[in-house]
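S.K.: Once you have looked at the hints, place chain B on chain A.
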Amino acid sequence: MARIELIDVAHAYGQSWALKQMTLSWSDGGAYALLGPSGCGKTTLLNIISGLIAPTQGKILFDGRDVTALEPQQRNIAQVFQFPVVYDTMSVYDNLAFPLRNRGWKEGEVRKRVHEIAEILELQSDLPRRAHGLAADVKQKISLGRGLVRPDVAAVLFDEPLTVIDPHVKWLLRRQLKQLHQQLNLSLIYVTHDQTEALTFADRVVVMTQGEVVQVGTPEALFESPAHRFVGHFIGSPGMNFIACDGAPPRIEGVPISTSSTQQPEPGATLAIGIRPEYLQVHSLPGPNRVPAIVTSAQDQGTQWMVQLQIGKRTVWSKIRHTSEPVGIGPAFAYMPPDKCALYADDRRVA
Amino acid sequence: MSVAKPVNQRAWWLVLPVLVSVAFSALIPLMTVVNYSVQDILSPSQSVFVGWEWYKEVLRDPELHSALVRQLIFSAAVLAIQIPLGIALALSMPREGWRSSLVLVLLAMPLLVPWNVVGTIWQIFARADIGLLGYVLTQMGFDYNYAQDPWDAWITVLVMDVWHWTPLVALLAFAGLRAIPEAYYQAARIDGASRWAVFRHVQLPKLRSVLMIAVLLRLMDSFMIYTEPFVLTGGGPGTATTFLSQYLTQKAVGQFDLGPAAAFSLVYFLIILLLCFVLYNFMKNVGADEQQGRSA
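Listed in order, the protein sequences are those of chains A and B.
So for the first sequence, the numbering used here puts the first residue at 1; every next one is plus one.
So for the second sequence, the numbering used here puts the first residue at 1; every next one is plus one.
Do not take every clue at face value.
Computed cross-link-like contacts, SDA-like style, restricted to lysine to any residue with a CA-CA straight-line distance of at most 25 Å [unchecked claim]:
no. : chain 1 : residue 1 : chain 2 : residue 2
1   : A       : Lys-112   : B       : Lys-206
2   : B       : Lys-206   : A       : Leu-127
3   : A       : Lys-178   : A       : Ala-136
4   : A       : Lys-112   : A       : Ser-16
5   : A       : Lys-313   : A       : Gly-302
6   : A       : Lys-106   : B       : Arg-200
Because the hints were derived from the structure by calculation, they are not lab data.
Chain A with its partners taken away, still in its complex shape (with noise of 0.2 Å):
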């Protein structure tokens, strides 16, 4: 196990940088999902950190070493790829003694660390198999398994590695990593562009767009307070409403608007306030922090309503639960608790 460092890291393949630069640290032994859109330079940046690639700028520390001159193998890392990589004219086994027998191991510790390993995985029973004909889940599991088997594992890397598992075995292959996680006390990080995978997942998610990490954070703190507007779309479903507003104290359709940042935005940037569907409530009355808008549909979800409105020209959503009274077609309030909404300056959350 090891704490992971980035400093400084980019990366540019030819003229254009897929990676932006980047000061970073991991801690040991905790679990990451690195979250973001397809090209946004996840894969880039998981592969920079198990040495696949070396970055164009920067270094790499695992427990303050500088290793980014090393080789991948020489990292002691464990890479498990979307699609299931198995040597498949080996047996089970063989595949995972495969990165053991490459470092000159003797047979006999060979087999004592392969079952070991199986046992863990449970692959016990699959060892004399060949690998070439077994279920994605269980080749999935026998690439974790070369990189666990040996000892000292720095860190276990993880690209979309339930992309093409079917959905009934997902939930449990993703138990079965978490389990993996608390017995072993491994360091994690879990690539994927699906936010319930990450954020059931981690303790902490690393929330990516364009080459950039926008924001490192609890689930629970990327939900309730995004630190930038790509976050605020990207988590949540549908995404955190963004209206429009004007200066000092901000003002949206001439009603000012208290938020919970309490910081002054930057003068000329272009300014939003930010709220989620579910803390936006709709009333038949004026007051503090009430917008004028028109509902213009709400639909039944069975637990709750999905409510569009149109505030200025900007429409918004809101997620009313069924507790509370059905909502009328038509002109109406728009609540915005002051702890619940935010001030955006040029798409970053202003504190």
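M.R.: Below, chain B alone, put in the same frame as chain A:
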């Protein structure tokens, strides 16, 4: 209760064109050969039924036996040289960029040359008096003359075939290598695999089906080789480079022994079929033999 489906035989009309074209292109010519093989053709209008006579004669023919042995040695040599060489070429080729395109074009060139031209090229190239190769070898002190020395003739035919056909194996293997996902190489790097281990456990298994096609193609083609040695050596010196198809042509065209030639063709056909069948089944099981592995 099931609804009775209307049954009729109209669908046969749809396959009729295929059946007719197969009949005219394969079945009827083949049956003509079968017919010839059991008759003694005295003149175009006069023939006598002789039964197994020609088959017995052909199978006892010592010249045919030696042609067959030569043929087997030649095909074995072709496979033993061209398959590993083709794989080695494919492995050392640049994988992308203009260099890759250039190498692909250069490799494909021998495949584009008509076969009799290949023979002519080497016939001149290897001549000791005016050919570059022959001249250089002679000047270097080698006693090289493919028109007189059987050994030299053999080597020359073999080298010509390697030059002509190894690119096919290399191109097939290259395509097979390109199809291997990058993740396999990445996983192997993480597992600390050596260059040899990557070849043995990643590349070779993934090339298996492509190589099977390469081996079968090269076996069949080399077994039927005719044009190039015909132009280069004319089967000589003596009968040193007379392979099966050339011997067959000598019989059928040269001596007009249509009956024995037809019997010979059928035997020839069955030999190729049998070899391909055996080789195919052998190769199908090569990877599967490792199923058990070294498990404890």
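S.K.: Hint by hint, say whether it matches the structure.
M.R.: Comparing the hints with the structure gives:
{"no.": "1", "hint": "A:Lys-112 / B:Lys-206", "result": "30 Å, violated"}
{"no.": "2", "hint": "B:Lys-206 / A:Leu-127", "result": "22 Å, holds"}
{"no.": "3", "hint": "A:Lys-178 / A:Ala-136", "result": "19 Å, holds"}
{"no.": "4", "hint": "A:Lys-112 / A:Ser-16", "result": "48 Å, violated"}
{"no.": "5", "hint": "A:Lys-313 / A:Gly-302", "result": "29 Å, violated"}
{"no.": "6", "hint": "A:Lys-106 / B:Arg-200", "result": "21 Å, holds"}
In this structure, the earlier hints numbered 1, 4, 5 are contradicted, and the remaining ones agree with it.
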